[in-house]
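**Q** If you want the building blocks of each chain, they are given just below.
Number of protein chains: 4
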Amino acid sequence: MVASLRLAVAGVGNNISALFQGAELYRRMSAQGIAESEFPGVKRPRIGGLGVSDLRFVAAFDPHPNKVGREFHQAVLAEPNNYPLLAGELPAVDVGVDPGLSEKDVDETSPAFRRVVQRLRESDAEVLLYSLPTGLQWAATAYARAALAAGVAFVNCTPELVARSPELLAAYEQAGVPLIGDDLASHLGTSVVHRALLGLLSQRGLTLTSSYQLNFGGNEDFRNLREQGASKRQSKLNALAQDGVDTGNVEVIPSAGFVAHLKDHKVAILNIEGQGWAGTPVSLDLKLQVQDSSNAAGVIIDLIRIAAASRRAGVGGFAAAAVRILKSPAGGHPSYSDEDIEASFRVLDTVSELAEATAGQ
Amino acid sequence: MVASLRLAVAGVGNNISALFQGAELYRRMSAQGIAESEFPGVKRPRIGGLGVSDLRFVAAFDPHPNKVGREFHQAVLAEPNNYPLLAGELPAVDVGVDPGLSEKDVDETSPAFRRVVQRLRESDAEVLLYSLPTGLQWAATAYARAALAAGVAFVNCTPELVARSPELLAAYEQAGVPLIGDDLASHLGTSVVHRALLGLLSQRGLTLTSSYQLNFGGNEDFRNLREQGASKRQSKLNALAQDGVDTGNVEVIPSAGFVAHLKDHKVAILNIEGQGWAGTPVSLDLKLQVQDSSNAAGVIIDLIRIAAASRRAGVGGFAAAAVRILKSPAGGHPSYSDEDIEASFRVLDTVSELAEATAGQ
Amino acid sequence: MVASLRLAVAGVGNNISALFQGAELYRRMSAQGIAESEFPGVKRPRIGGLGVSDLRFVAAFDPHPNKVGREFHQAVLAEPNNYPLLAGELPAVDVGVDPGLSEKDVDETSPAFRRVVQRLRESDAEVLLYSLPTGLQWAATAYARAALAAGVAFVNCTPELVARSPELLAAYEQAGVPLIGDDLASHLGTSVVHRALLGLLSQRGLTLTSSYQLNFGGNEDFRNLREQGASKRQSKLNALAQDGVDTGNVEVIPSAGFVAHLKDHKVAILNIEGQGWAGTPVSLDLKLQVQDSSNAAGVIIDLIRIAAASRRAGVGGFAAAAVRILKSPAGGHPSYSDEDIEASFRVLDTVSELAEATAGQ
Amino acid sequence: MVASLRLAVAGVGNNISALFQGAELYRRMSAQGIAESEFPGVKRPRIGGLGVSDLRFVAAFDPHPNKVGREFHQAVLAEPNNYPLLAGELPAVDVGVDPGLSEKDVDETSPAFRRVVQRLRESDAEVLLYSLPTGLQWAATAYARAALAAGVAFVNCTPELVARSPELLAAYEQAGVPLIGDDLASHLGTSVVHRALLGLLSQRGLTLTSSYQLNFGGNEDFRNLREQGASKRQSKLNALAQDGVDTGNVEVIPSAGFVAHLKDHKVAILNIEGQGWAGTPVSLDLKLQVQDSSNAAGVIIDLIRIAAASRRAGVGGFAAAAVRILKSPAGGHPSYSDEDIEASFRVLDTVSELAEATAGQ
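Residue numbers (this note's numbering), protein chains in the order written: chain A, 153 to 513; chain B, 153 to 513; chain C, 153 to 513; chain D, 153 to 513.
Certain hints may be false.
What the hints assert, rightly or not - With a straight-line cut-off of 25 Å between C-alpha atoms, the simulated SDA-like cross-links for lysine to any residue are:
id, chain 1, residue 1, chain 2, residue 2
1, A, Lys256, A, His216
2, B, Lys195, A, Thr502
3, A, Lys415, D, Asn423
To be verified - So the derived list for chain A, only partly shown, Cβ under 8 Å to chain B, looks like this:
id, residue
4, Thr359
5, Gly428
6, Leu438
7, Lys439
8, Ala509
Source of the hints: derived by calculation from the structure; they are not laboratory data. Ideal Cβ positions, reconstructed from N, Cα and C, are used throughout, including at glycine.
Isolated chain A (complex conformation):
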């Protein structure tokens, strides 16, 4: 049996609550004799030998006053987190939340920075998962440097530039430490549904007339949304344009409103108007409802397992296995073929199997 993945986290938000609670839930299903191939919402039961509940939280950094100093399993439920409590009592995790880095601690010689590196080392973490709120480029860079200094693999869930930074990527590669990023693609996001439907329209030979997409919800992402909306909107429109969609009459509103009572639920409204034979109209209206942070955690579970398995296999830098579940992978999507990706997964699995075989001798 493989050893559990030793995970450190920077940011103890809803995504981490979802990751923690989900892993616990699957552990209980397993204890009830449910086969992991039957776990709902899991695409790959094993990556590099690691299952979805083989997870141990060994360090946590978050500057929020409601979280600092609390034990990890309490901090994941502290406001403004509002991911639901899924499964009765949570198991205690005897790891206190550390305030981590602030904007004045980015120098590698600062005491705070050195303390973070030390905690990563002492905790024997394999992976540092970065998921602080979007927009803190300084934090993303500083934690990535701290992880590198501690020899810990780094996973960047946010759009900040980390794995796409040639300098950082080169440093990780040289050190033989995995660096996975940037910006996770949701498990079932609005954009992937929107693109699938627009692609279908085009593939069948219908003509797009207009389309819109609105997203709203009740978590912190939507509270601060209206400011950050513009860049997210453009990046989503760019993605559509790359698919060959004429975005002239297409609108994307990443953050149409903050609806507090929705909590961590996200609702998306999608409309597509097109023309078929003889120019007659075709119209699609769709409402998509998801648990926003489950939508992230369902992908994070793969990213961290790829990172940990790569580290165990001694493979540094980016791993092709992560490409399909990142919005902006190191090197860009076109650098990786389907074969690259499959080969990357196979390497992780093979090394894990060899390690187990050796361990068993």
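Place chains B, C and D on chain A using the hints.
**A** Chains B, C and D only, in chain A's frame:
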């Protein structure tokens, strides 16, 4: 320039109205200088050199009392047809609607049968398009035999067994006459959207919990729906099962109701419930609205061009080019690869180009 | 404190499961100190002094083989019933389900009929609630006669003719026994929403162009739907016409499909197209989802309390208090003013208060 | 026959385009022999004898550079206006658009102010309709003063404080000039639908759990929306609270997004979650689509006819007839009973009839 496609039709319903009016509309667009690559709702502007308005209706068979004896361009607007009149006055088509075959005329020696064969010959038709109401196996077979006797290519839009009949297919192949069928796949049908979304769910690693699909509308298909619903339901569920969907909690209602005022519009309601990470719920609700007969005509235009171009190229039997736009192609879907299909289109185009080059000398 | 309502039921379907489980749930809320004014989904916490959990099931009749002979609390969960089990274990109700009457037992001298009368008497039932499947006029009449013979108040939930029968009503009035019916109006049914929106359109001065309403679900009502749909459709269209709606372009499909996995959930799809100023279009699309049998039980709880309180007050025949929650009340809706209805409720309350005061002396 | 209503407008936006084009369209219907009782989207064919096409635009003020100096019928189609051109060519209206007042012209002695008063007098306007963009309190007040100075009735479509200002109202009353405002209620707005559905829920005894309402569109109101959203949101929530709705879990987003290609169409998404019997869930999802400015014009046509008829009848100040179609009427809604409103309409009709009878002698 290629000669127009000389088309005979068995059945003068909404589909034929849509086909006729659409071709006329595109002809007018062309006359206004709109490039055919800009035609809305057209996937392939040319097949074997034939454009979407290169169409001449040369014979028409339909036993409905409102249609028999009327000129073609009037019959397409006669009740119970209720496809909208799209584009002002329709051009006159000096072809009277013939009652065609009845159930007692299926013998090839009967006077009615011989008359139909003779009309096909005299009209110099290249293709006989069969689109009488669903369920008349005797009629589908009889018209297919009449077309074969007249050396005219046959296209079967309905689920009746024609191109899948080994005997009929062999006879067409031996005679070098094209036989295209069975059962057209809509341009953008409910099933193709349903399958795309279920496929996306599965590809992303979410778990399907339940799903339903309901269709309703106001044309003749929906009036007589409730009887024929059962077999159509099963065939749609089978198609989903072939995609690997566990159809235990999936329901398809092909004909949920006749709503007269919708006329030829079809509305479909789709729901998908699934589970993401930690079993948290994901839900999709979709409303799809289409002009039902445009949805058929947008595919018929390709089927008849494939049939005519194959006949001009001297290729008998089934043409791989038609596979993707048929629900039950001769030989079944798995018999044809993407390469087969592309090769089939290329043959039609090449022969047409050679013919033009020769003609130009 | 008033004594619990002693209830006999003819029919142990989903509605009775909902009624029984709801009463139990509210009892537990009460035990937890939740005030009855805070009970969700309850319009009138008290009628004639009776609360929503003051309910005792004392006799039950149902011919279904899965139910006959079983104890009441087990029978409510037996197939084809599929109302969810809401609240953990149900309290035992030591009442066996009796097969009751069959079509050959309608004569008052038949042994079965006499046995039913005797059971009603022995059980000391105050009310017989009739909710067998729709369409059994003989059963509705026979049970109404049996209740009358036993001096038990009768509530008819179905469209069968009982309280609207002048003979039956006169007999109940003469005997001083309450008779409440016919045909319960859902707590929040599709029709009431449809009528509210069409009424709003008209009141604001917009013009209705067309509208449709489709209902589907997974309980027995929807399984056998397509046969019974026609009369239900006409009765719903009539109700709209009475509101002054021009139903020329309005369609109602009471039973668009049986979707097994929806179980006791009902889904309704509503569309309204209209014209505002300058004839420009207005459109409303609505999806309504309800727990079908809760929708009935939320009204049944009022009907049976009205019946029991009337009987306790010595008032026979129909009670105006029930008018708003019946589709076809005795005498028809226009016979009762709002004042009549309020007065009727007040009588029940006053008598109950007097009775308590007297009992307290 | 009554003389046409002589109308001056401050603001030549989409609402005025809708008003102008609608009046013209109904005029053409009338010319085709369509009875005014059959006009689509018209609640009251006559108010004080005035029909919906008895409208003459005699003066227009708007500071927008695309409009100043152009003839009225051209200005209504100038950008950023994007109400559709409904009915072919518009009739010429030989009235040039005047820049009107700017923020420095609010003093009654300023030349601009005096010019506006003079234009109103010279044009012989009966009513000045104020519909400049929301938020210009100075402009609303200044135009109201100018109208009063010219003896012209004033109608305020915006939320600015005019008719609710005790000083202004007293001045109008004293002068015997009608003052109608403030803030028009849409013909069929999202709020009225939302309130109707929440009211229905409550009336039927179901419990509201949560609700949201989002509005989006492509006209200027939605472009500048996000700033003005907060006050509009609060006013809509207040309206719900006045209906007795517990707005704790209710969210209203007046301006969820600017979707340019929607132009003057508004889309509203509404969700209501509730609990029925036994706390089981009830859910309503609604999509409402309207032509935003028709939604205003359908009410403006009544407000200006009430104003003109009041002036003709010599009745100054506010008119009860306008109460139901204003969001914030002078004195507040509770000051007026249904009887007051009907009486107010009757006065206008009677005076008009008398005037005609006298004129006919």
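**Q** Does each hint fit the structure? Answer for all of them.
**A** Going through the hints against the structure:
no.	hint	verdict
1	A/Lys256 / A/His216	holds, 16 Å
2	B/Lys195 / A/Thr502	violated, 45 Å
3	A/Lys415 / D/Asn423	holds, 15 Å
4	Thr359	holds, 4 Å
5	Gly428	holds, 4 Å
6	Leu438	holds, 5 Å
7	Lys439	holds, 5 Å
8	Ala509	violated, 28 Å
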